[in-house]
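Chemist: Chains as they are written, first to last, in my numbering: chain A, 3 to 325; chain B, 772 to 1394.
Honestly, the hints are just simulated from the structure, not real lab data. Check the hints yourself; a few may be wrong.
Unchecked claim - The list that follows gives simulated cross-link-like pairs (lysine to aspartate or glutamate, DMTMM-like), each with its CA atoms no further than 20 Å apart:
# : chain 1 : residue 1 : chain 2 : residue 2
1 : B       : K1309     : B       : D1167
2 : B       : K1309     : A       : E280
3 : B       : K1245     : A       : E312
The model shown is predicted, which means the values in this text are computed figures rather than measured ones.
For reference, the chains in residue letters:
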Amino acid sequence: MAASPPRSLGHAVTIGVRPAVPAAVDAGAALTVRLFVACRSGCDLRGRIVRLVAPDGAVTVHELTGHVDGTTVTDEICVHTPHAAGVSTWGLVFPGHAAGRVTHDAAAVAMDVDVRPHDTSVVVWDVPSPVPVGTPFTVKVGVRCATLCRLTGHAVEVRADGVTVGRGTLGALPWPDTRGLHWAEVPVVAPATPGLAHWAGIFTGVNATPDHRASQAPFTFRVEPPPAHRVALTVTVRDTGAPLGGADVRVGVYRAVTDAAGQADVPVPAGSYDVVVETDGFAGHLPGLDVHGDVSVTVAAVRTPTEAEEHEALERYEASQWG
Amino acid sequence: MGKPRSRPVNRRDFITKGAAAGVAATAMAGLGATVPDAEAQTPRQWDLEADVVVIGSGATGLPAAIRARDKGASVIVVEANYDVGGHGILSGGSLPLGGGTSWQKQHGIEDSPDQVFRDLTDWSVVLPHGIADYRYNDREVQRAFADNCAATFEFLIANGIVVRPPAFDSGSVGLSALRMSAPVLEGVNVPSPMSPGGGRGAANIRPLEASARAKGVRFLLNYHMDRIHRESPTAGRVLGLEASYKPRFLPGSTTRMESYRSEGNIDLRKPTVNVRARRAVIIASGGSSSNVNFRRIFDPRLTEEHQVGGEPYSFQDASGELAAMSIGASLWGTANAFERRRVIMKRNVVGAQYTYTQWGPNSPLFPFTRARGLNIGIPGWQHVISVNQVGKRFCDETHGELPDGTGYGLIENYVPGSVRNTKAKPHANADGVKQETPLYVHAALAMNEGSMPPDYAAGPVWVIFDAAAAARRKWNVEPPNVDLDQGYFFVADTLEELARQVTRNKYQKVPMPPANLAATVARYNSFVDLGRDEDFDKPTPRYKIDTPPFYAAWGTPVCHDTVTGLRINGRCQVLDLRGQVIPGLYCGGESAGGSNQHGWGRCSCQGYISGGNAAEDVATTSR
Ligand SMILES: Cc1cc2nc3c(=O)[nH]c(=O)nc-3n(C[C@H](O)[C@H](O)[C@H](O)COP(=O)(O)OP(=O)(O)OC[C@H]3O[C@@H](n4cnc5c(N)ncnc54)[C@H](O)[C@@H]3O)c2cc1C
Ligand SMILES: [Zn+2]
Ligand SMILES: [Zn+2]
């Protein structure tokens, strides 16, 4: 950024930009700066001009309008960094002048600016798990640009081992309570073999203007054989025999919630399962339920401390006796 | 009399003869101490004087002041804060005192000083993590506690405290008998100028304060004791102290904060005052938890990111210990500082800087605290993960606390000193809070990739959760529950954005790599699919962290009690490095060593002991 003084008898000047442009800036960013010319003798150069040569070769001319502490500056101007990432070079030229009592040498400076693509990040959510082999389902994929570009209309993908298995287009409105997470519902089909699937939501960034970095979010879900059988569960309160409605039941990795009669139907593949019942204040456990056909079982849940009770014990502990 | 004595001492004298003080002074460089050099002289002029001068007006200082006054001494209490009470006024106020109190008798509880003494020195009580509860207590100090325990209780009642039966017993006052009662006073549970933290401790502090003022104790508030004057650096009597004016202002205010009561306040605004103590100075300054360098003497892991329960009401900055060590005092009983819950605690309250007391908007301190904190409760840990400063998990989040200590009923068939006790490890506090082999706090304090020399600090702990968790648990993630402004709570669209934000917190000294946090969460989410935590064995991780927005809440463990400090004898006189009494200097409460007990019991009792002895000091010690 140093001026290059030619051989002459005029005053030498330094030219540049204020504030100094950082070595790296975002693509497509707007920077507000002043161009300046400083004569070593402190001459007032108002009324003279500076030329700014943009990376694409476009030249704009700016008049020097202010003189502060021996330096003459332009008004604030707004410059836009290129949309393409990479090193971009800006030129600044002071033509110099020979007229008048005092002459000033011409000066030119080239400035290299590292233009960075925008950072992005991806979120994948609403992923069902487990999913029966080969069944279609959807996931939500959201993308956020670090500098909050509106990414509506851009493509997202879901990939399995690098192969695209689903595509979506980012919608117009950000997800509720986010600042700029644009998202898409992406339809996919579960793999044909059981196991833990490791997939990823991908934003490639191609076609985004200005340039954006690609990003991805890995996610997992469980793939299971088709549920050929039905476990008909009845959950009761052990002490009273009364049905326990609204309880979370898990048959292995399969989940359901009991109805008012304490019943839940859970479709599962053949296998051996631990049945766990959990709800606030009750717990039940039935280990090793073998399922080869439709089965009906009853689980008697026992009383456990409710969350309110645990919470109260804690509050009491902290706030009353012994905090 | 009347005129302070000063004896010039030259540096050579100090270095050659003052070995003990020299060691202390060198050891304290960098601890924020005013280390008096050899040329330091006692002041030419005393601004104030009293028979007994008490440093601090908390759980120790107020009983000390009243007891000294009852014995006929004139008393000035020098208090750094704008009001009295210290940690004592924020506390729950329960009074672990026994040995045959009227309250115990009334409830048919048998107890005696001998039983208290035996209990508090019992080698055989072992906590679930293998650490002994009472083994390292100083026996002389415990004997004095046992002998004065019941008398202290009656004294507190006589000075206005009203008690009711406790809901339960709790730690560290021995197992043979119920030794716990709780104070009652209308209105203390709601934060107000009368009870700044909404703690029931105000039901102890305010009656004691009223009694002290009525009896003529004078209070020099807003003055921080900076040094204790002794005839010479390592010899002679303690003569008084120097204190500096440290008024407090709420952020953005130019009006000095004022005490709830004012009768008996000494209204001074001089930058520095010298207060003469004709008979004795009592150090009741509450310990060292707020002094990072000092607390690290006992546990080097307790670097600055760990906030302090009790701040920002009062700051227990080791000034009492430092001033005493500058004139030769010794530390004592440091083994008590290890592995105790209250030295360093996991908190269920997250998302604010000060998460011990839940500082609501009603508190006069709210402009300092800015947020109440989000209480996720014990069940909450199933819905979150905790990560270190580089975005990695370090422990099963549901893992509990360091054990708190033992109390009545916690070991079945307890027989003092029985080897069988060592096998009957207590598994819950009497109030039902589980005591476990402590992993969480130690893992949180462990070194990680972001730990930098020279301290290799663990850095902050962040509690990470998603919008689905907040909805499930009905967590209100808005101010005043959380502190968004000062960087103790963050919201972001993605995990990467969240990681970039946390660097706004001043204790987050290294960037949290966004990819780390994203990878940590993705891996945790896969454990939810698997139904098991392959890294830390969290019992069946049930909830993925995947629904935007995402949250990061400050969850760094908190320092609380000081359980080691100055060496004292049974009379609460401070001893020097050679085991000699420093004439005219007393200490009690959290600034004193030799007791592992948490809270009011030993503090008020040592206040009672030191106050009584200080008032009579002239008679008992030659000048
Ligand atoms: C939030 C909280 C809850 C608690 N709950 C309980 C409970 O339920 N039951 C229980 O038994 N215990 C409880 N405790 C612990 C108990 O409050 C303390 O153990 C006790 O108050 C310590 O007494 P102390 O006199 O040593 O110190 P403090 O009570 O803290 O008093 C020390 C005083 O000295 C002042 N001071 C410090 N340095 C100087 C100086 N250089 N010059 C002048 N003044 C100075 C401080 O400002 C302070 O006012 C709790 C503590 C806290 C923080
Ligand atoms: Zn010129
Ligand atoms: Zn962008």
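Chemist: Determine for every hint whether it applies to the structure shown.
Modeler: The hints, checked one at a time:
At roughly 5 Å between alpha-carbon atoms, B/K1309 and B/D1167 fall within 20 Å of each other, so this suggested pair holds. The hinted pair formed by B/K1309 and A/E280 meets the criterion: a straight-line CA distance of about 17 Å does not exceed 20 Å. A hinted pair counts as satisfied when its Cα atoms are at most 20 Å apart, and B/K1245 with A/E312 qualifies at roughly 16 Å.
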